[in-house]
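Number of protein chains: 2
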Amino acid sequence: MARSPHALDFSKARSRFLSRDDNPRAYLERRIATISARDAQVHAFVTLGLEGARRAADASAGRYRDGKPLSAVDGMPVGIKDIMDTRDLPTQMGNSIYTGNQPRWDAACVHALRSGGAIVVGKTVTTAFACGATNETRNPLDLTRTPGGSSSGSAAAVGAGMVPAALGTQTQGSTLRPASYCGAVGFKPTHGVLTMQGVHPISLTHDHLGVIAGTLDDAWCVASHVSLASGNPGAAGLQGASAVLPTARKPRKLIVLHTKTWESEVEAPARAAFEALLQRLREREVELVTRRDDPHFAAFEDEVFGTFIDRSVDITSYEMKWPYEQYAAQHGDRLEQRVHDRLARAREMSAEYYAELLAEKTRMKDRARDVMGVADAILTLAASGPAPVGHGHTGSRAYLVYATFLGLPAFSLPVMEADGMPLGAQLIGRAGRDAELCALAHWVLSLES
Amino acid sequence: MARSPHALDFSKARSRFLSRDDNPRAYLERRIATISARDAQVHAFVTLGLEGARRAADASAGRYRDGKPLSAVDGMPVGIKDIMDTRDLPTQMGNSIYTGNQPRWDAACVHALRSGGAIVVGKTVTTAFACGATNETRNPLDLTRTPGGSSSGSAAAVGAGMVPAALGTQTQGSTLRPASYCGAVGFKPTHGVLTMQGVHPISLTHDHLGVIAGTLDDAWCVASHVSLASGNPGAAGLQGASAVLPTARKPRKLIVLHTKTWESEVEAPARAAFEALLQRLREREVELVTRRDDPHFAAFEDEVFGTFIDRSVDITSYEMKWPYEQYAAQHGDRLEQRVHDRLARAREMSAEYYAELLAEKTRMKDRARDVMGVADAILTLAASGPAPVGHGHTGSRAYLVYATFLGLPAFSLPVMEADGMPLGAQLIGRAGRDAELCALAHWVLSLES
Chain A
13 MARSPHALDF
23 SKARSRFLSR
33 DDNPRAYLER
43 RIATISARDA
53 QVHAFVTLGL
63 EGARRAADAS
73 AGRYRDGKPL
83 SAVDGMPVGI
93 KDIMDTRDLP
103 TQMGNSIYTG
113 NQPRWDAACV
123 HALRSGGAIV
133 VGKTVTTAFA
143 CGATNETRNP
153 LDLTRTPGGS
163 SSGSAAAVGA
173 GMVPAALGTQ
183 TQGSTLRPAS
193 YCGAVGFKPT
203 HGVLTMQGVH
213 PISLTHDHLG
223 VIAGTLDDAW
233 CVASHVSLAS
243 GNPGAAGLQG
253 ASAVLPTARK
263 PRKLIVLHTK
273 TWESEVEAPA
283 RAAFEALLQR
293 LREREVELVT
303 RRDDPHFAAF
313 EDEVFGTFID
323 RSVDITSYEM
333 KWPYEQYAAQ
343 HGDRLEQRVH
353 DRLARAREMS
363 AEYYAELLAE
373 KTRMKDRARD
383 VMGVADAILT
393 LAASGPAPVG
403 HGHTGSRAYL
413 VYATFLGLPA
423 FSLPVMEADG
433 MPLGAQLIGR
443 AGRDAELCAL
453 AHWVLSLES
Chain B
13 MARSPHALDF
23 SKARSRFLSR
33 DDNPRAYLER
43 RIATISARDA
53 QVHAFVTLGL
63 EGARRAADAS
73 AGRYRDGKPL
83 SAVDGMPVGI
93 KDIMDTRDLP
103 TQMGNSIYTG
113 NQPRWDAACV
123 HALRSGGAIV
133 VGKTVTTAFA
143 CGATNETRNP
153 LDLTRTPGGS
163 SSGSAAAVGA
173 GMVPAALGTQ
183 TQGSTLRPAS
193 YCGAVGFKPT
203 HGVLTMQGVH
213 PISLTHDHLG
223 VIAGTLDDAW
233 CVASHVSLAS
243 GNPGAAGLQG
253 ASAVLPTARK
263 PRKLIVLHTK
273 TWESEVEAPA
283 RAAFEALLQR
293 LREREVELVT
303 RRDDPHFAAF
313 EDEVFGTFID
323 RSVDITSYEM
333 KWPYEQYAAQ
343 HGDRLEQRVH
353 DRLARAREMS
363 AEYYAELLAE
373 KTRMKDRARD
383 VMGVADAILT
393 LAASGPAPVG
403 HGHTGSRAYL
413 VYATFLGLPA
423 FSLPVMEADG
433 MPLGAQLIGR
443 AGRDAELCAL
453 AHWVLSLES
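First to last, the sequence lines map onto chains A and B.
To get the numbering used here, take the position in the first sequence, counting from 1, and add 12.
To get the numbering used here, take the position in the second sequence, counting from 1, and add 12.
Because the hints were derived from the structure by calculation, they are not lab data.
Among these hints, one or two may not hold up.
[To be verified] Taking lysine-lysine pairs in the DSS-like style, the calculated list, with each CA pair at most 25 Å apart, reads:
hint, chain 1, residue 1, chain 2, residue 2
1, A, Lys377, B, Lys265
2, B, Lys80, B, Lys262
3, B, Lys373, B, Lys272
4, B, Lys377, A, Lys377
5, A, Lys262, A, Lys373
6, A, Lys265, A, Lys377
7, A, Lys373, B, Lys377
Sequences are here, hints too, so could you generate the full structure?
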């Protein structure tokens with residue numbers, strides 16, 4: 013098992029809507045049946061909106077009957093991470109400060125999907141404010157394991173086949189890690205190309221909108237639709253946004269990124285799975301280069317992991333002053349210690365120091381463009397291993413921070429397994445080259461079949 | 013009368029707090045007395061929070077008693093434009109879609125001011141979503157005239173002496189125009205240096221946070237405090253942010269911008285006032301250059317006004333898709349026709365066209381830096397005349413869009429009058445050089461004394 017056996021393929025369902033062999037309402041009812049059967053154990057959803065979903069599905073069914081679907085996501089049931097505002101469902105941020113909170117708008121990403129006919133089934137469980145340690149969600153492939161976080165419910169809902177796709181966010185590893193753990197495709201586009209308006213922030217320079225889906229096709233389609241329907245003020249949008257998946261393209265050369273945590277965090281089954289993947293790529297004549305082959309990349313990797321990612325915690329902490337400082341002042345007992353720690357760090361920082369860090373981050377991004385120019389993409393793990401047993405934490409961030417910190421597009425592809433659980437391969441591209449990366453991801457996934 | 017005769021000077025009050033000749037609670041009570049006397053006619057406030065304000069004033073008074081004020085804004089009563097979220101007061105956006113809306117956080121700018129001890133007196137009237145035509149607020153200097161908009165209540169509250177300073181926003185002319193009409197100082201820093209988090213958006217590439225105050229000192233102090241206490245994710249912050257006003261500096265050379273509307277919109281009294289100001293500057297040996305003296309600037313001015321500002325309406329329209337498209341779908345009858353028109357235009361636009369406009373805007377900003385390099389700043393009117401009589405609209409945007417579109421820092425300085433009403437001189441600086449511009453503004457204001 014690499015891809016979750018429950019994972020759905022909406023593009024196939026949509027063909028059947030178009031040929032009238034199926035319809036969005038019937039499709040939704042099957043999803044609701046899965047939710048009814050499994051969510052008491054999995055806890056993917058914090059709030060369901062089935063009445064509204066059924067109304068939206070009927071409207072979508074009418075459009076397919078008339079041969080006039082609104083878009084490629086018309087009729088797609090989706091889960092929405094509960095830090096994203098929804099005008100008809102509470103938005104509770106995974107924290108009791110927001111119990112019962114009812115926004116008067118849909119976040120821009122939610123509005124974009126709805127305007128294309130997608131059906132909001134419900135709000136998915138998040139860790140507190142998407143930066144907390146854990147929550148009630150369980151891995152649908154093994155209830156004794158974590159689904160990962162912070163987009164826990166979005167990944168679990170997709171992994172369980174409750175919905176074909178769900179929205180998440182990633183500030184460190186919150187989309188790709190749970191996607192990897194739950195046997196789904198995770199996609200975190202280039203920082204800034206998708207709108208975060210109406211989504212509760214952690215750190216705007218690090219927060220990314222992400223998509224978790226059963227297939228690459230659906231992940232691409234959802235991200236594309238959000239970009240085309242909403243745009244992001246001041247940004248050019250997702251490269252090559254389209255309802256059509258970019259044609260598979262074989263990479264000529266990949267940089268293989270092990271990171272220092274390969275020795276300390278990655279256990280034998282995950283190592284074996286990754287080495288087997290590398291072997292398959294070599295057999296297909298993909299050139300693989302490591303830090304031993306490319307001293308420029310090695311030096312850059314050392315700088316990123318050795319010094320800068322830790323300092324990026326400072327950037328995040330500084331940006332968390334709003335709104336977390338006021339939560340701490342009024343509801344301090346409802347915040348996890350890690351938030352208080354970040355705020356304490358922020359209080360020690362000056363505006364000048366913050367500005368220096370930003371300037372250095374910009375230089376690192378420029379250097380990333382240069383050092384990555386020698387290859388098509390970077391290949392690494394999407395997580396340090398399969399979903400850990402237990403529910404005390406949502407997994408390591410070690411393999412996720414590189415692409416997040418540098419704002420690079422990244423996919424988690426369910427092409428490996430370890431301990432009988434899925435494990436994602438992470439493909440990281442150059443900033444703004446999301447469609448080109450997706451074409452490579454398409455090819456890597458085709459190795460499976 | 014140039015500066016409103018009612019305008020307050022908080023920096024002087026603060027000296028008296030420090031010397032214990034006055035205290036924040038007593039100062040607040042005098043402001044409340046003014047509100048009680050005048051706001052039934054002026055309608056500057058849509059919601060008052062006097063109980064909370066008195067508690068905050070008592071706490072501030074305690075800090076001054078202990079010799080430990082939190083900042084230069086400690087004890088300053090402020091008005092907050094009602095598109096800015098406040099956790100303890102409704103935030104109603106000037107539109108019935110948001111009647112009774114109660115956020116669970118303070119917008120970042122509000123939190124910044126409160127964390128420095130400033131006292132939120134209430135929410136000031138805005139036009140609908142800061143882009144509507146008019147509202148119930150009246151000009152405190154002449155009730156038959158408009159106070160300007162969209163930050164109508166903020167300017168009226170300052171012009172009436174109800175508060176020494178208030179927060180506004182400017183997407184086209186919404187801070188500097190009402191400041192000019194009400195005899196106050198208006199300050200719109202460089203686009204992006206102050207945070208808009210928690211403020212209802214129109215168009216993020218055009219929306220600026222602004223300050224309206226009785227004195228330059230207070231305007232600078234408020235903007236500085238917001239920058240230092242909050243920062244803006246991804247931005248370096250306000251240049252030279254400090255509680256201390258930059259020392260006055262005489263400009264060597266100013267570009268005088270008349271714009272084409274000088275002929276069509278500016279009437280004799282306003283022309284005479286501006287010409288008299290220019291004469292005073294010449295007498296002080298400030299070199300004044302016009303489009304006739306500088307063909308490069310003339311060509312740039314023609315391009316900005318002749319072609320690009322109209323196309324910036326397209327950028328704004330595209331960005332208004334969220335959240336206005338959903339308001340139109342659900343509450344279409346509650347939106348003004350101009351919003352529907354913008355959305356109709358947005359529906360005709362492609363993502364590619366939007367991206368092209370953004371790229372062109374960036375090029376225009378780069379050119380602005382070059383053509384402005386020959387002078388210290390641009391001098392023009394802050395409004396095409398004094399506040400118009402009547403309440404059907406909030407005045408012309410003709411003199412405001414230049415600095416707003418290009419994201420340049422700008423001050424409205426109450427140094428002229430026409431028809432017995434104040435009229436602001438607008439000083440426009442280079443992007444990111446806010447403190448340098450403030451030093452020039454300081455000098456221009458000193459011409460008055």
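Pair hint outcome, Lys80/B versus Lys262/B [Cα-Cα no greater than 25 Å]:
Measuring from Cα to Cα gives roughly 36 Å; hence the hint is violated.
Holds or violated: Lys377/B to Lys377/A, with C-alpha atoms at most 25 Å apart
Holds: Lys377/B and Lys377/A sit about 23 Å apart, inside 25 Å.
Take a quick look at whether Lys373/A and Lys377/B sit within 25 Å of each other, Cα to Cα.
Holds, at about 23 Å.
Is the Cα-Cα distance between Lys265/A and Lys377/A 25 Å or less?
holds (21 Å)
Would you mind confirming whether the straight-line C-alpha gap from Lys373/B to Lys272/B stays at or under 25 Å?
With a Cα-Cα distance of about 21 Å, the restraint between Lys373/B and Lys272/B holds, given a limit of 25 Å.
Would you check the hint for Lys262/A and Lys373/A, treating anything up to 25 Å between C-alpha atoms as holding?
Distance ~31 Å between Lys262/A and Lys373/A Cα, so the pair is violated.
Measure nothing beyond the straight line between the CA atoms of Lys377/A and Lys265/B; if it is 25 Å or shorter, mark the hint as holding.
violated (39 Å)
Hint compliance for this structure: hints 1, 2, 5 are not met, and every other hint is.
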